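> Protein chains in written order, with the numbering used here: chain A, 1 to 325; chain B, 1 to 552.
In short, the hints are calculated from the structure, not lab data.
Model, not experiment: these values are computed from the prediction.
Every residue, glycine too, gets a C-beta built ideally from N, C-alpha and C.
Any given hint could be a false lead.
Far from chain A, some chain B residues (derived; all Cβ distances over 12 Å) [stated by the list, open to error]:
(1) Ser16
(2) Leu146
(3) Met333
(4) Leu348
(5) Gly429
(6) Ala473
If you want the footprint, here are the derived chain A segments under chain B, 3+ residues with CB under 8 Å [unchecked claim]:
(7) 19-28
(8) 36-42
(9) 214-222
As a plain string of letters, each chain reads:
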Amino acid sequence: MVPPEPHTNEAKEVFWLYNVVLVMGGIVFVAVEGFIVYSIIRYRRRDDRLPTQVHGNNLVELIWTAIPTVIVMILFVLSTITLNSISARATTPGVTIEVEGRQFEWIFHYLDSDTDPANDVRVTSSFIEPGTMGLPVGEPVRLILVSRDVIHSFFVPAFLVKRDVIPTGDRPPNELEFTVSEAGTYAGQCAEFCGDLHARMTFSVQAMSRADFDAWIAAIRAGATPAPSAPAGSAVLKIAADNTAFDTRGLTAAADEPFTIEFNNQEALSHNVAIYKGSEPLFNGEFFKGPGTISYVVQALPAGEYIFICDVHPVPDMTGTLTVE
Amino acid sequence: MATTALSPTTESYRRSWVLEWLTTVDHKKIGVLYIVNSFLFFFAAGILALVVRSELAVPGLQFLDERTFNQAFTMHGTIMIFLFVVPVLSGFANYIVPLQLGAPDMAFPRINALSFWFLPVGGLLIFSGYLFGGAAAEGWTGYAPLSNYSSGVGTDLWLIGLLLVGVASILGAVNLIATIFKMRAPGMTLFRMPILVWTVLVTATLILLATPVLAAGMIALFIDRNYGGSFFDPNAGGNPVLWQHLFWFFGHPEVYIVILPAMGVVSEILPVFTRRPLFGYRAFVFATIAIGFLSFSVWAHHMFTTGQVFLPFFTFMTVLIAVPTGVKMFNWMATLWRGSITFATPMLFALGFLSMFLIGGISGVMLAAPPIDFHLQDTYFVVAHLHYVFFGGSVFGVFAATYYWFPKMTGRRLNERLGKVHFWLHFIGFNLAFFPMHMLGIQGMPRRVSDYAPDAGWTLWNLASTAGAFMIAVSVLPFLVNVAATFINGEKVGDDPWEGNTLEWATSSPPPPHNFDKLPPIRSERPVFDLRHRHDAEHLAADVTVSEGGHS
Chain A
1 MVPPEPHTNE
11 AKEVFWLYNV
21 VLVMGGIVFV
31 AVEGFIVYSI
41 IRYRRRDDRL
51 PTQVHGNNLV
61 ELIWTAIPTV
71 IVMILFVLST
81 ITLNSISARA
91 TTPGVTIEVE
101 GRQFEWIFHY
111 LDSDTDPAND
121 VRVTSSFIEP
131 GTMGLPVGEP
141 VRLILVSRDV
151 IHSFFVPAFL
161 VKRDVIPTGD
171 RPPNELEFTV
181 SEAGTYAGQC
191 AEFCGDLHAR
201 MTFSVQAMSR
211 ADFDAWIAAI
221 RAGATPAPSA
231 PAGSAVLKIA
241 ADNTAFDTRG
251 LTAAADEPFT
261 IEFNNQEALS
271 HNVAIYKGSE
281 PLFNGEFFKG
291 PGTISYVVQA
301 LPAGEYIFIC
311 DVHPVPDMTG
321 TLTVE
Chain B
1 MATTALSPTT
11 ESYRRSWVLE
21 WLTTVDHKKI
31 GVLYIVNSFL
41 FFFAAGILAL
51 VVRSELAVPG
61 LQFLDERTFN
71 QAFTMHGTIM
81 IFLFVVPVLS
91 GFANYIVPLQ
101 LGAPDMAFPR
111 INALSFWFLP
121 VGGLLIFSGY
131 LFGGAAAEGW
141 TGYAPLSNYS
151 SGVGTDLWLI
161 GLLLVGVASI
171 LGAVNLIATI
181 FKMRAPGMTL
191 FRMPILVWTV
201 LVTATLILLA
211 TPVLAAGMIA
221 LFIDRNYGGS
231 FFDPNAGGNP
241 VLWQHLFWFF
251 GHPEVYIVIL
261 PAMGVVSEIL
271 PVFTRRPLFG
281 YRAFVFATIA
291 IGFLSFSVWA
301 HHMFTTGQVF
311 LPFFTFMTVL
321 IAVPTGVKMF
331 NWMATLWRGS
341 ITFATPMLFA
351 LGFLSMFLIG
361 GISGVMLAAP
371 PIDFHLQDTY
381 FVVAHLHYVF
391 FGGSVFGVFA
401 ATYYWFPKMT
411 GRRLNERLGK
421 VHFWLHFIGF
431 NLAFFPMHML
441 GIQGMPRRVS
451 DYAPDAGWTL
461 WNLASTAGAF
471 MIAVSVLPFL
481 VNVAATFING
491 EKVGDDPWEG
501 NTLEWATSSP
511 PPPHNFDKLP
521 PIRSERPVFD
531 LRHRHDAEHL
541 AADVTVSEGG
551 HS
């Protein structure tokens, strides 16, 4: 009945509040259930006499209106004090991250202090390989929660907090601030139902010392390679999707040569094209909401039969065979 | 030219019983239609719950793909709320309220039939998505903009079906309000009305005020989806949070729409099986009215994590609504105190209601604190909470009502032995299914997930919950056997087997089409009790408001 061990400064306050409320609730529970059980044993029918007919008593009504009123007012005050405390904002957060939720993955965009977007660091992910959000311990962290498709919710159970990630259009997005208190790896996932693969929209938080965090950022910046470009003259396979169905169930490509898939998504739903050998993923195209066309560059594959599928909608209509010969 | 004598003794036109039930405007037959129709949808939605729980028993996707899973929990929630809990209680209200008022029928018998027949049509429309490319899969709350973007007509059929059900609710509410205000027997003042009638009156008022807001939202969403509207689509300048406001402005009163009549049922049953009047009748009435008012000022407590509502106001109003609810609990407890209690099946389910609804109430107050809600919102803790209110509360009330009024409707009493088997299987299965969900939610398992990680530590509680769900399903079997066997060859128990207090027990069981040949004098909220004990002068003399020593 107790939440996970809290790992942010704010979560420790919520944990305390939770336990206070749980104890209050527990006392009410034991008192009322105890009274009911005692009454039905003590006052079970023993003979046919009519019990005294008491219709009510204004004084006791007044008393037992006052009792819950006092209890809930205590709760309201405690809750409001905790709320104000955990909602306090830092003037200069240690790190500001634009967290984008999209069907069905998280993107962590570390906003730099300088204005050159080339220096920004972006951690992308997919539901097959969920991303990791690195954070420094002991510094206020500010998250700007943005969405361009549907409502998601950023939730890390060990931080005892979630905040909805709402597509707000022109209006300002939600923000969330906390200070991680212990280094460690914490699981997180989307908590607002967001469509087919909602359950797989997970991520993890890796909290580390400032030095480790700087090294982590530097490593990502160094490893950020541009997307591979297709060699000139390579083959182009065309495929389109509409009504949650591919227009073809069979594609053919040449063996041992990179090729391009030109994917025309004709509806306002996220789709992609992914290639599997059995259950082993060989290529996972970026999710892409139509209408529009995206080009995927696929590395050379040895000859054989492969499966191509939409990861978002792994239904028969969005599955086919890729023959490489 | 032949003439037709308008005498009740004349033999009526002979019609087949099928035609009679299809065209009836008798509130009792319509009430039975409501109840039977609701139970059919209950079984369908229950099977969907078993599908969901089977998939979640252990990690990994065993039976379903994600979309089928999402359709299953969406249909489960939608059907249980809109086609079972609300209409089954409307069915009992339809049958019982005119009898308790001493009225011959509802105020508008034809509208009564119309509002019933919308229900199966609406329910089938909602389900028919399965025939046309897939049912709605956005959750019973249908949050925008997910519901804006989802392709397929399943969501459109869901909207149209729910609109029909909403119209049915509104018509039914108008009818009940008119009946309660205009059809009471002589002597039946407002403060002599049975508590069930009071709770139905407040419920009908809530339906009348809340349902049009949902209907407006649904029409707007339908326009968004089909005619290029932009109420909720942020990419077209709309606001998806507006949908949540509209939905919950309806959705929170809806919680009280399904719990208040169940509270009324329990408040009818406790006095009969303790042989005491309901303690604090007037306080109970005022508490019911207070809940009705407050229920319109708490909707945004479903939206704390949106970051777009004024938290202190909605926290304050939400904890405040616990006060009248607490007053009711104290009044029920005081009714038990010094009673003469027997434990027939209706009473067992009523006591089950008290003990289970309490848990839903406590977890509700916990969720009212925003810092705690930030952790628990949209987790299985909320699923546990809402099932302790809807199932531990309302559904226990529905079964209490079924066992209590079955002899009124048929003249036969349901078998007590099977009834007790049903109750205990149900009670244990319910707690096994839903108590572990508290743990899951506290540990951070989100609701509406088709799968969870094997290393999350959630497997044991999920397995227990699934076992409980199947136990609930098994508990329904003795109930069905009981209803069938009793209907065919049950114990005939006369007109008033429980020694009831209210007017429905003053007529025959089942009642004649016109309900009453004669009415007893109505001098209190318990006219049949008064009639039974009219020679017990000493008891009537003791019928005064005196202190028995307070307790809490």
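> All hints, please: hold or fail.
Now for the hints, and whether the structure bears them out:
1. No Cβ of chain A comes within 12 Å of the Cβ of B/Ser16; the nearest lies about 46 Å off, and the non-interface call holds.
2. The non-interface label for B/Leu146 is inconsistent with chain A: the shortest C-beta to C-beta separation is roughly 4 Å, within 12 Å.
3. Here B/Met333 does not stay apart from chain A, with its beta-carbon only about 5 Å from theirs, under the 12 Å limit.
4. Here B/Leu348 does not stay apart from chain A, with its beta-carbon only about 10 Å from theirs, under the 12 Å limit.
5. Separation of B/Gly429 from chain A is adequate, the least Cβ-Cβ distance of about 19 Å exceeding the 12 Å criterion.
6. Residue-level check passed: B/Ala473 sits 24 Å from the nearest beta carbon of chain A, beyond 12 Å.
7. Coverage of the region 19-28 of chain A by chain B holds [criterion: at least 3 residues with CB-CB distance below 8 Å; count 4].
8. Closer than 8 Å: that is the beta-carbon criterion, and the region 36-42 of chain A has 3 residues meeting it against chain B, so the requirement of 3 holds.
9. Here's how the region 214-222 of chain A fares: 0 of its residues keep a CB closer than 8 Å to some CB of chain B, so the rule of at least three is not met and the hint is violated.
Checked against the numbered hints given earlier, the structure breaks hints 2, 3, 4 and 9 and satisfies all the rest.
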